[in-house]
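Those sequence lines, one after another, are chains R and D. Numbers 1 to 190, taken from this note's numbering, label the letters of the first sequence in order. Numbers 1 to 203, taken from this note's numbering, label the letters of the second sequence in order.
Some clues are possibly wrong.
[What the hints assert, rightly or not] DEER-style ranges, computed between Cβ atoms:
(1) R:T65 / D:V126: 33 to 43 Å
(2) D:H123 / R:R14: 20 to 30 Å
(3) D:N157 / R:I64: 13 to 23 Å
(4) D:N179 / R:K45: 37 to 47 Å
(5) D:E115 / R:K18: 35 to 45 Å
(6) D:L94 / R:E97: 49 to 59 Å
[Said to hold, decoys possible] List of simulated lysine-lysine pairs, BS3-like, C-alpha gap at most 27 Å:
(7) R:K63 / R:K50
(8) D:K189 / D:K9
(9) R:K100 / D:K189
(10) D:K60 / R:K141
(11) R:K141 / D:K57
(12) R:K100 / D:K156
(13) D:K60 / R:K127
Honestly, the hints are just simulated from the structure, not real lab data. It should be emphasised that the depicted structure is a prediction, and the values quoted were computed from it without experimental measurement. Idealized CB from N, CA, C, for every residue including glycine.
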Amino acid sequence: MVFNTLYSDPAIMRRAKKAYDEDFPNNVMLEKFFQRAIFITLQNKLYNAKYSLKFDPYEYRYKITKSKEVDAFLKGEYFKQIVERIFGIKKFKVKYEVTKFEAGDFTLLHDEAKEAAGIDFIIDFSKEKGNRGHIKHLDEKQELVQINVNPNSLTFVNRNKEMKYIKYVSYKQKTPIVRVIGTILFKKQS
Amino acid sequence: MLNNWINKKYLDEKNIVKIRKEYRKAKPYPHFALKDFFNKEKVEEVRKELLKESFEKIEKDLFSFKQTMDLVGSKNKIIQEFHQVISSLKFIDLIQKLTKESLKRKIDMQGHLFEDEDYLLFHDDVVEGRGVAYVVNFSKGFTKKDGGKLQLYDIKNPIKPIKEIIPEFNTLVAFTVSNKSLHAVEEVKNKKRLTIGGWIYGV
Numbered sequence: 001m002v003f004n005t006l007y008s009d010p011a012i013m014r015r016a017k018k019a020y021d022e023d024f025p026n027n028v029m030l031e032k033f034f035q036r037a038i039f040i041t042l043q044n045k046l047y048n049a050k051y052s053l054k055f056d057p058y059e060y061r062y063k064i065t066k067s068k069e070v071d072a073f074l075k076g077e078y079f080k081q082i083v084e085r086i087f088g089i090k091k092f093k094v095k096y097e098v099t100k101f102e103a104g105d106f107t108l109l110h111d112e113a114k115e116a117a118g119i120d121f122i123i124d125f126s127k128e129k130g131n132r133g134h135i136k137h138l139d140e141k142q143e144l145v146q147i148n149v150n151p152n153s154l155t156f157v158n159r160n161k162e163m164k165y166i167k168y169v170s171y172k173q174k175t176p177i178v179r180v181i182g183t184i185l186f187k188k189q190s
Numbered sequence: 001m002l003n004n005w006i007n008k009k010y011l012d013e014k015n016i017v018k019i020r021k022e023y024r025k026a027k028p029y030p031h032f033a034l035k036d037f038f039n040k041e042k043v044e045e046v047r048k049e050l051l052k053e054s055f056e057k058i059e060k061d062l063f064s065f066k067q068t069m070d071l072v073g074s075k076n077k078i079i080q081e082f083h084q085v086i087s088s089l090k091f092i093d094l095i096q097k098l099t100k101e102s103l104k105r106k107i108d109m110q111g112h113l114f115e116d117e118d119y120l121l122f123h124d125d126v127v128e129g130r131g132v133a134y135v136v137n138f139s140k141g142f143t144k145k146d147g148g149k150l151q152l153y154d155i156k157n158p159i160k161p162i163k164e165i166i167p168e169f170n171t172l173v174a175f176t177v178s179n180k181s182l183h184a185v186e187e188v189k190n191k192k193r194l195t196i197g198g199w200i201y202g203v
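Starting from the given sequences, assemble the full structure and let the hints guide the process.
Structural data, given as structure tokens:
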């Protein structure tokens, strides 16, 4: 088992589902998600990985990398179990990036690239808690939810017509913010 | 009126021609930063009164800073006078001569205050009608390490700024607004960056 055994408990997962369903937009954060040793190993790998810059001045600036371990986890049984227990979905696709945000990095809202609706997820491998570089979900009228940096958490946020951006990271951020940021896209149930 | 407000050297015809040539040739796009632009006593007075205006914090994906309403609505006599100078035919004529842009007597003017961790990310200012963007710097004591620099980028290679302008007290900065005028205000580090800025509209 790679993740916290708490999350294999059906009662805990029912509570997670309830918390997700009751919030608007639907969202839930599972804290202390991975078992500690697994988390530290993955965190070290991701901090030491080689990243490449993704930059468009009108849209974003951050770094990305590939990770076999993250890919295996997202396509594997454990993640499938969690998704099935919270959302009751068996068939889905996952689109994601392993990202690193440092001082000066950001993403902006931009109309041309409205993302496909789905359930956003964030697996946080950062080293320190905080609100710098937070992820903000909003609709045309208002800000809806803000996901702060919280090491070793898995967060789900339902996104239909809402948009999101990642807040500019201030010079006061001491360590890089490393997160897997992605979306669960549903396949039609047969 | 301009004689009372503007440093005489910027009203000298020979100097105007020289500045215009430099403005047109400037990289990455036409701009200038003219030091000691206004009469020192006048600009000190405007600074003092500007700090009495009401600044509201605005924070979005693109920016974080404080700004005033358009200063055309200010009740403060000194600020009103400053607005009258900047929107006067004579001042706009001077900016036309300095930039070689065709401008009309229509301006926007707001006060901006950037405090610690405030920033303005990449954008080009393009909105229909805007001709020249201007910024008058009222902050004091800024050095390179304090952030707050106006950064001008080459749209074709925006990784590093081509030009960085430290917000020095009593400097007038202006640039031609176009789809090439990519710029940003660097995050401010533990300082207060106080400016009045806006746009002069094109013909």
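Verification of the hints:
Under the hint 33 to 43 Å, the C-beta atoms of T65 (chain R) and V126 (chain D), about 35 Å apart, fit the expected range. Against the hinted window of 20 to 30 Å, the Cβ-Cβ separation of H123 (chain D) and R14 (chain R) comes to about 47 Å, which falls outside the hint. At roughly 21 Å, the beta-carbon separation of N157 (chain D) and I64 (chain R) lies within the given 13 to 23 Å, and the hint holds. Here the CB-CB span from N179 (chain D) to K45 (chain R) is close to 42 Å, well matched to the stated 37 to 47 Å.
Taking 35 to 45 Å as the suggested C-beta distance range, the pair E115 (chain D) and K18 (chain R) conforms, at roughly 42 Å. A hinted range of 49 to 59 Å for the beta carbons of L94 (chain D) and E97 (chain R) is consistent with their spacing of about 51 Å. Taking the CA atoms of K63 (chain R) and K50 (chain R), the gap is about 9 Å. The hint holds against a cut of 27 Å. Restraint check for K189 (chain D) and K9 (chain D): not satisfied, since their Cα atoms lie roughly 33 Å apart, outside the 27 Å limit.
The suggested pairing of K100 (chain R) with K189 (chain D) holds, with an alpha-carbon distance near 22 Å, which does not exceed 27 Å. For the given pair, K60 (chain D) sits about 13 Å from K141 (chain R) by alpha-carbon distance, which is consistent with the 27 Å threshold. The suggested pairing of K141 (chain R) with K57 (chain D) holds, with an alpha-carbon distance near 18 Å, which does not exceed 27 Å. For the proposed pair K100 (chain R) and K156 (chain D), the alpha carbon gap of about 25 Å is at most 27 Å, so the pair holds.
Under the criterion of a C-alpha separation no larger than 27 Å, the hint pairing K60 (chain D) with K127 (chain R) is consistent with the structure, at around 26 Å.
Checked against the numbered hints above, the structure breaks hints 2 and 8 and satisfies the rest.
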